[in-house]
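K.L.:
Listed in order, the protein sequences are those of chains A and B.
The working numbering applies: residue 10 is where the first sequence begins, and numbers increase by one.
The working numbering applies: residue 4 is where the second sequence begins, and numbers increase by one.
Keep in mind that the hints were calculated from the coordinates and are not lab data.
We put the beta carbon where it would ideally sit given N, CA and C, even for glycine.
Don't take each hint at face value.
Output of the computed footprint for chain B on chain A, the stretches with three or more beta carbons under 8 angstroms from beta carbons of chain B [stated by the list, open to error]:
1) 47 to 56
2) 91 to 104
3) 111 to 123
What follows is each chain in one-letter form.
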Amino acid sequence: GNSVTQMEGPVTLSEEAFLTINCTYTATGYPSLFWYVQYPGEGLQLLLKATKADDKGSNKGFEATYRKETTSFHLEKGSVQVSDSAVYFCALSGSGGSNYKLTFGKGTLLTVNP
Amino acid sequence: GAGVSQSPRYKVAKRGQDVALRCDPISGHVSLFWYQQALGQGPEFLTYFQNEAQLDKSGLPSDRFFAERPEGSVSTLKIQRTQQEDSAVYLCASSPRTGDDTQYFGPGTRLTVL
Chain A
10 GNSVTQMEGP VTLSEEAFLT INCTYTATGY PSLFWYVQYP GEGLQLLLKA
60 TKADDKGSNK GFEATYRKET TSFHLEKGSV QVSDSAVYFC ALSGSGGSNY
110 KLTFGKGTLL TVNP
Chain B
4 GAGVSQSPRY KVAKRGQDVA LRCDPISGHV SLFWYQQALG QGPEFLTYFQ
54 NEAQLDKSGL PSDRFFAERP EGSVSTLKIQ RTQQEDSAVY LCASSPRTGD
104 DTQYFGPGTR LTVL
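With the hints as extra help, turn the sequences into a complete structure.
P.N.:
This is the structure:
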């Protein structure tokens, strides 16, 4: 079945540091890939997505590229801010008739210090 | 506009009690999903509705779990005879169209079973 493995946290960075959170996946077919973010006390919010190989999703300075050859979708940001402190989840959709079913990684807690 | 809302936000139940968790999706959204998120884990799929039809309930962990969406809008997740292992955050998500794999999440209901 489908699975997502993401970098274990917690990750602690200073403001303006470079961020990478690794995500690899196992899936059949051609899933879409997602990063969701969960700020303290809030629900999951879609951060970015990519629907096919070599697509780059981007939003709020975050980027991730769908790499089919390495089955990866690593999240990057060039300069983090304190407000980026949150839990980040990598996810993929099912394929074919089950494309609605999201499979999530365990999440990575990011803390950014001033 | 209004996002997905869930109530109650927190629920404490004694083991053996029945609970009902409510989800109000974004108005007009066709698809509705329930996920279970255990502490320190990513969300796990429970069930999927397209309008009022429950098309997939493969993730429901036991026959004590029951979900409905009788008029294709509000949904209720019911857990009968709660057990301690049911303690988790229950997330609801909705999506505007069938086949649209972008899901919008509510804040969740944190269920604690004593």
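K.L.:
Now look at each hint and say whether the structure bears it out.
P.N.:
Against the structure, the hints:
With 6 residues having a Cβ less than 8 angstroms from any Cβ of chain B, the region 47 to 56 of chain A passes the three-residue criterion, so the hint holds. Coverage of the region 91 to 104 of chain A by chain B holds. Counting CB-CB distances below 8 angstroms, 3 residues qualify, and the rule asks for three or more. Given as covered by chain B, the region 111 to 123 of chain A passes the check, having 6 residues with a CB less than 8 angstroms from a CB of that chain where 3 are the minimum.
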